[in-house]
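Protein chains: 2
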Amino acid sequence: MKYYPMPTPNSTAQTVILANGDFPTHPLPKAILQNNQERLICCDGAANDLLEHKITPQRIIGDCDSLSLKNQQQYQEIITKIPDQNTNDLTKAVLFCQSNAIQSLIILGATGKREDHTIANIALLAHYLPLIENITMITDFGVFNAIQHPSEFESYPRQQVSLFSLFPTPITTTNLKYPLNQQSHSYWWQGTLNESLANSFTIKVNDMLIIYRALKKD
Amino acid sequence: MKYYPMPTPNSTAQTVILANGDFPTHPLPKAILQNNQERLICCDGAANDLLEHKITPQRIIGDCDSLSLKNQQQYQEIITKIPDQNTNDLTKAVLFCQSNAIQSLIILGATGKREDHTIANIALLAHYLPLIENITMITDFGVFNAIQHPSEFESYPRQQVSLFSLFPTPITTTNLKYPLNQQSHSYWWQGTLNESLANSFTIKVNDMLIIYRALKKD
Chain X
1 MKYYPMPTPN
11 STAQTVILAN
21 GDFPTHPLPK
31 AILQNNQERL
41 ICCDGAANDL
51 LEHKITPQRI
61 IGDCDSLSLK
71 NQQQYQEIIT
81 KIPDQNTNDL
91 TKAVLFCQSN
101 AIQSLIILGA
111 TGKREDHTIA
121 NIALLAHYLP
131 LIENITMITD
141 FGVFNAIQHP
151 SEFESYPRQQ
161 VSLFSLFPTP
171 ITTTNLKYPL
181 NQQSHSYWWQ
191 GTLNESLANS
201 FTIKVNDMLI
211 IYRALKKD
Chain Z
1 MKYYPMPTPN
11 STAQTVILAN
21 GDFPTHPLPK
31 AILQNNQERL
41 ICCDGAANDL
51 LEHKITPQRI
61 IGDCDSLSLK
71 NQQQYQEIIT
81 KIPDQNTNDL
91 TKAVLFCQSN
101 AIQSLIILGA
111 TGKREDHTIA
121 NIALLAHYLP
131 LIENITMITD
141 FGVFNAIQHP
151 SEFESYPRQQ
161 VSLFSLFPTP
171 ITTTNLKYPL
181 NQQSHSYWWQ
191 GTLNESLANS
201 FTIKVNDMLI
211 IYRALKKD
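Chains as they are written, first to last, in full-length UniProt numbering: chain X, 1 to 218; chain Z, 1 to 218.
Because the hints were derived from the structure by calculation, they are not lab data.
Treat each hint with caution, since some may be false.
16 Å max Cα-Cα, derived EDC-like pairs, lysine to aspartate or glutamate [what the hints assert, rightly or not]:
{"no.": "1", "chain 1": "Z", "residue 1": "Lys81", "chain 2": "Z", "residue 2": "Asp65"}
{"no.": "2", "chain 1": "X", "residue 1": "Lys113", "chain 2": "Z", "residue 2": "Asp22"}
{"no.": "3", "chain 1": "X", "residue 1": "Lys2", "chain 2": "X", "residue 2": "Glu133"}
{"no.": "4", "chain 1": "Z", "residue 1": "Lys177", "chain 2": "X", "residue 2": "Asp84"}
{"no.": "5", "chain 1": "X", "residue 1": "Lys113", "chain 2": "X", "residue 2": "Asp49"}
{"no.": "6", "chain 1": "Z", "residue 1": "Lys113", "chain 2": "X", "residue 2": "Asp22"}
{"no.": "7", "chain 1": "Z", "residue 1": "Lys2", "chain 2": "Z", "residue 2": "Glu154"}
{"no.": "8", "chain 1": "Z", "residue 1": "Lys2", "chain 2": "Z", "residue 2": "Glu133"}
{"no.": "9", "chain 1": "X", "residue 1": "Lys177", "chain 2": "Z", "residue 2": "Asp84"}
Since this is a predicted model, take the numbers as computed values, not measurements.
Given these sequences and hints, build the entire structure.
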């Protein structure tokens with residue numbers, strides 16, 4: 001059964017993507033951003049923010065319409081322009097990683113600002129399942145993973161947990177306060193407000209499910 | 001065909017609910033909050049913030065575990081305690097409105113902070129469809145409505161629009177940049193990144209759909 005540890009400030013991945021949402025403010029994603037500068041890909045909307053924080057990414061990806069002219073000139077050697085209107089900047093960055101055979105990825109800055117982008121970016125984790133083996137999204141409020149097989153998650157007692165089904169699929173859990181036994185969720189709100197009872201919990205599914213584990217407040 | 005105007009600072013409703021997310025900062029929801037104090041219901045987690053802004057709601061609803069002791073004592077006459085663990089505070093407030101025969105509702109402060117709550121609160125708009133005739137959710141970034149019949153939306157050219165299907169259902173649109181003709185969305189990201197072409201657009205559906213219209217930045 002695949003095990004998903006909780007990220008730590010020392011967590012690393014082959015590549016870290018910084019997306020266009022809120023720039024990280026929680027100490028955990030901030031530390032991961034700082035500690036992974038040499039393997040950092042930045043969606044173009046986030047590059048101005050990142051450069052203001054004196055962090056230079058390895059690559060900037062997007063249609064570059066939101067990158068200042070000054071930054072476009074200064075960083076032209078690390079910019080990969082992808083003008084496709086049918087995918088968002090996060091997906092462009094993930095596809096770029098896939099084409100470079102990246103198999104582990106941390107995504108930061110993917111939520112906040114427009115809620116339609118937040119929902120799309122979280123739901124897209126399911127779309128990325130067949131593309132890259134290990135993807136963890138870390139926000140200022142929690143950790144998201146998409147799964148499609150039975151999985152075990154590191155946790156702590158009373159950690160807030162939410163499950164989001166993309167399609168109704170039978171779910172069986174252990175170590176959650178509101179356990180599920182071959183039950184399905186038809187709606188996105190039905191799997192929210194759960195809670196871990198122990199130092200790990202398990203989820204059995206055979207279709208796509210997105211798992212949220214809350215971060216402790218900073 | 002039901003028409004959904006864009007809210008204005010003077011928009012009003014029989015009741016306005018302030019939920020537990022980010023306290024409004026965009027001028028539009030801020031003005032609506034200010035202008036509707038005499039018909040304001042507050043979810044308990046938001047009451048401390050609201051009282052700091054010198055606004056006293058008509059009623060405070062929730063399990064009250066997040067309301068300071070001082071506020072619990074001072075405002076005990078307007079507090080309705082509902083300890084049900086199976087519904088969130090926003091739903092408790094909406095059910096309270098339904099039991100009081102409220103037929104028009106504006107929801108503020110329902111997004112921001114934990115993303116699982118943001119997703120649940122937005123998706124719950126579909127759950128509220130049979131309960132209350134007119135509900136509009138206004139955030140710092142946009143306006144959300146749930147529909148289940150053909151509808152027309154006030155808009156402006158180039159306004160960003162996203163459509164979220166709870167279940168795959170045929171959608172037909174007019175006046176959108178990426179038009180749909182009896183097409184379905186299987187995933188929550190598929191209806192994002194659309195754009196209005198005119199001062200209104202129409203959406204034909206026969207099942208639940210959630211519509212997002214972006215606000216102009218303040």
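For each hint, the structure was consulted:
1. Using a Cα cut-off of 16 Å, the hinted pair Lys81 of chain Z and Asp65 of chain Z holds, with the two alpha carbons roughly 10 Å apart.
2. Between the alpha carbons of Lys113 of chain X and Asp22 of chain Z the distance comes to roughly 11 Å, so the proposed pair stays at or under 16 Å and holds.
3. About 11 Å separates the Cα atoms of Lys2 of chain X and Glu133 of chain X, which keeps this hinted pair within 16 Å; it holds.
4. As the CA atoms of Lys177 of chain Z and Asp84 of chain X are separated by approximately 15 Å, the hinted pair is consistent with the 16 Å bound.
5. With a CA separation close to 14 Å, the supplied pair Lys113 of chain X and Asp49 of chain X stays within the 16 Å bound.
6. Annotation: proposed proximity of Lys113 of chain Z to Asp22 of chain X holds, straight-line Cα distance about 11 Å (limit 16 Å).
7. Distance check on the hinted pair: Lys2 of chain Z and Glu154 of chain Z sit about 11 Å apart at the alpha-carbon level, within 16 Å; holds.
8. Distance restraint check for Lys2 of chain Z and Glu133 of chain Z: the Cα-Cα separation of roughly 11 Å lies within the 16 Å cut-off, and the hinted pair is therefore satisfied.
9. As the CA atoms of Lys177 of chain X and Asp84 of chain Z are separated by approximately 15 Å, the hinted pair is consistent with the 16 Å bound.
Figure legend: structure checked against the earlier numbered hints; every hint is met.
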